[in-house]
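Just so you know, the protein sequences line up as chains A, B and C, in that order. Under the numbering used here, the first residue of the first sequence carries the number 1, and numbering increases by one thereafter. Under the numbering used here, the first residue of the second sequence carries the number 457, and numbering increases by one thereafter. Under the numbering used here, the first residue of the third sequence carries the number 627, and numbering increases by one thereafter.
It is possible that part of the hints are untrue.
Taking lysine to aspartate or glutamate and the EDC-like style, the derived pairs with C-alpha atoms no more than 16 Å apart in a straight line are [said to hold, decoys possible]:
id	chain 1	residue 1	chain 2	residue 2
1	B	LYS550	A	GLU182
2	C	LYS645	B	ASP506
3	B	LYS550	A	ASP168
4	B	LYS461	C	GLU649
5	B	LYS485	C	ASP675
6	C	LYS691	B	ASP542
7	A	LYS25	A	GLU88
8	B	LYS618	A	ASP137
9	B	LYS618	C	GLU730
10	A	LYS126	A	GLU5
11	B	LYS618	B	ASP542
12	B	LYS461	C	ASP653
Note that these hints are calculated values from the structure, not bench results.
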Amino acid sequence: MATAEDKSVLRLLVQHVSRAFYDSKFVVVLDQLTHQDMCVRACGGEGRVVLTGTVTVVGVFRRVKDDELAHRVGMPSKEVQKVIAKLEADRLVKVHRRNEIQREGQRPMNKGYCYIDYSSFCNVVKWRITTMRSAIDNKLRNELDNQGYICPNCGKYYAPLDVLHLLDPSGTAFICEVCRHELINNENAESVQGSKDRLQRLMAQTRWIIEDLQKTDEITIPKLNVQQWLAEHAVAKLELDSDGLAIAGEGSTSQSNRVQIELSLDQDDAQVKKAREQVADAQRQHNALPEWHLRSTISGDLTSLGAATSGGATSGTAAVHANGSTDRKPEQNELYASDLDRYYASLNTSASESANRTPETDGDEEDDDDFEEIEFMEYPASGGGRTPASTADASAGLNGHAKRGREEDPRGVRNGRPAKQARVEDAAPAAAAAAAAAAAANAAEEDDEDDFEEVA
Amino acid sequence: MFFVKDLHHTILLHPSYFGSRMHQHIEQKLHADVEGTCSGEYGYIIAVLDVIDVGVGLVSVGNGQAEFVTTYRAIVFKPFKGEVLDSVVTSVNKMGFFAEVGPLQVFVSAHLVHPDMKYDSAAANACFASADQVIEKDTHVRLKLVGTRVDATEIFAIGTIKEDHLGVID
Amino acid sequence: MALRLQQNQAEEEDASQLKLGSEFSNDLCLSISEVRFLLELPRERGAPDTQVYNKTLDYVRTFTKFPTQESTQAVRALISRGIEDLAQFETAQIANLTPLTADEAKSVIPTLQRYDDEVMQGILDEMQTLRKFQT
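Use the sequences and the hints to build the structure in full.
In structure tokens:
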């Protein structure tokens, strides 16, 4: 895997090449591709991680589609395609084309994914530079070969192959055949002047690229599997787009790949469902009527409420209603918390000693009872302040009945629950399940009121 | 490059040579005619190794001379463009230097000498010199021919030493 | 017209591409050492007294790398045994220039670039050994 430094070297190479040999249009496009592809490389190491397809990875992992590229560089798609075609012909950019079905029922569209294959890019650039150099080198040599000599006196030109007979007897100079004047190098020819430093200029101007290429020689450029990348990309896309991205004419490998991922997604769904189920179960259990509501703690028989809950569809609605009423209690608990505080405050003002003792007596009881106690204590407030008179009246008889039951069994005070249950049981024959629940609540609350009064 | 080549040569023999020593005479004439000559096609004919066939003499009508088409085997030397050869420097001047490859004259222009080697006219012998190498008369130089020119009596070539593994040799 | 033809022919010939023209494509190339050996063979009529001959003799005596007949033959055998499909021209050039490294060989005889460096180097090393131990 290429390190960050290697990547910057490769990127620099692309940038140098594009700026040296291409128009700004090409430069912009190539820059985008390096930018994009560096990102691709950046998550290339993770390989399979991409399969799980988090959106962030999708964001950077992208072979640039040419229409997207057009958007990115702010040029018409057609123009970008022209640029890409040129770059592809120059073998700097590779384009992977395939048919894609954008939506169900549409004809597959040919989409191109542009990318830079860095190993081939380096080779192409290397070859180009070498070819350029040898071309200029050859030209230079030929020009020098043909440069020849000229007589400054009469202007006669001699080719290098003519010089054998021009050597003067001392062997130090060439002599013009016509005027016996000493020949000079034919350096005036424009082609010679131009070509003289052409190679030097080329070397100077391609110095950066050659340096970059030397650096890239030390880098092992990872191979790029376009099919695989695209398969992964397609999957990632699936997660992003609600309508999905179906691929036509793809190889079986990518297809299977895709299926595999869908399976993993399904699994995720199942897990989520399961978790939700668990939460719902917990909630249901939490919301279920306490056992003592459904079953007599004394006789062990089903109460009317319990019968209704476990009974047929006809009593189901009633049961639901009952559930609803029990559900509401915690809310009301909060609602009347301030009232409760006031109540405690009043207790405190009346007698601090007795107030201190109150929790102790309650402490003897079970926690469940504490909770119910609180519920019960709300009711005086609600019964006095909010409950319509009719409901109060309706429960009055029951309360009376409960009171009577209470009087019948004075020792039941210690344990509120059995007493309450018993009373509920007594009330049941006369009232409906819902009414019974309310009655039970009211009755119990009356009891606790009594308790406090006793304490007081 | 030196080759062994079978060549043909046509000899016109005066009737006065017709006789028992005719074949010897033909061979002598063949040697004298072809050795040391030069053609564009075959290069220099250095030496005749063997006379393969003197052929059948055909007396031409009118002057009575016999025409023999002889076949002989010879060592020839033909330079090729692009060929690398070892040479001996014969003269140096500011335009470059001349070197010989056997019978072949080669001129190496100063442009085709490595830029490190500068012409030094102040030295006792005119030479091209760099820090560690000198090209002067009688220096052995490995050069590469870049062009040849064939005249009636000789071949002239231009060469370069401005490439890898060319230049002064020990 | 004849000049034009000759020029065209000259244009086509390029030793760096092994284009030696139609006349020399199939002929035996001699190394300098071999030329020396042939020129120094005793002749019944004596050596030709031409400037070309004398200069050539001087030249080959100066640049002979393998002065004995044995080493001259050995080097040719070595080169042609070591590398397959070597052209005559290349064989002679390797023997003449005796490059030390494969890189140098390929630089001075560009057509050798089609061969593997290691094979090349093996031959060159062997050739150096041969040079060193010849008498």
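Evaluated hints:
Straight-line distance between C-alpha atoms of LYS550 (chain B) and GLU182 (chain A) comes to about 12 Å, which keeps the hinted pair within the 16 Å bound. This hinted pair does not check out: LYS645 (chain C) and ASP506 (chain B) have alpha carbons roughly 28 Å apart, beyond 16 Å. A distance of roughly 13 Å separates the Cα atoms of LYS550 (chain B) and ASP168 (chain A); the hinted pair therefore holds under the 16 Å criterion. Our distance criterion of 16 Å between C-alpha atoms is met by LYS461 (chain B) and GLU649 (chain C), whose separation comes to about 9 Å.
A hinted pair counts as satisfied when its Cα atoms are at most 16 Å apart, and LYS485 (chain B) with ASP675 (chain C) qualifies at roughly 14 Å. Distance hint between LYS691 (chain C) and ASP542 (chain B) is fulfilled; the C-alpha atoms sit about 12 Å from each other, no more than 16 Å. A threshold of 16 Å between alpha carbons decides the hint, and for LYS25 (chain A) with GLU88 (chain A) the separation of about 14 Å falls inside it, so the pair holds. As the CA atoms of LYS618 (chain B) and ASP137 (chain A) are separated by approximately 12 Å, the hinted pair is consistent with the 16 Å bound.
Among the hinted pairs, LYS618 (chain B) with GLU730 (chain C) is consistent with the structure: their alpha-carbon atoms are about 14 Å apart, no more than 16 Å. Straight-line distance between C-alpha atoms of LYS126 (chain A) and GLU5 (chain A) comes to about 20 Å, which puts the hinted pair past the 16 Å bound. Under the criterion of a C-alpha separation no larger than 16 Å, the hint pairing LYS618 (chain B) with ASP542 (chain B) is consistent with the structure, at around 14 Å. Under the criterion of a C-alpha separation no larger than 16 Å, the hint pairing LYS461 (chain B) with ASP653 (chain C) is consistent with the structure, at around 6 Å.
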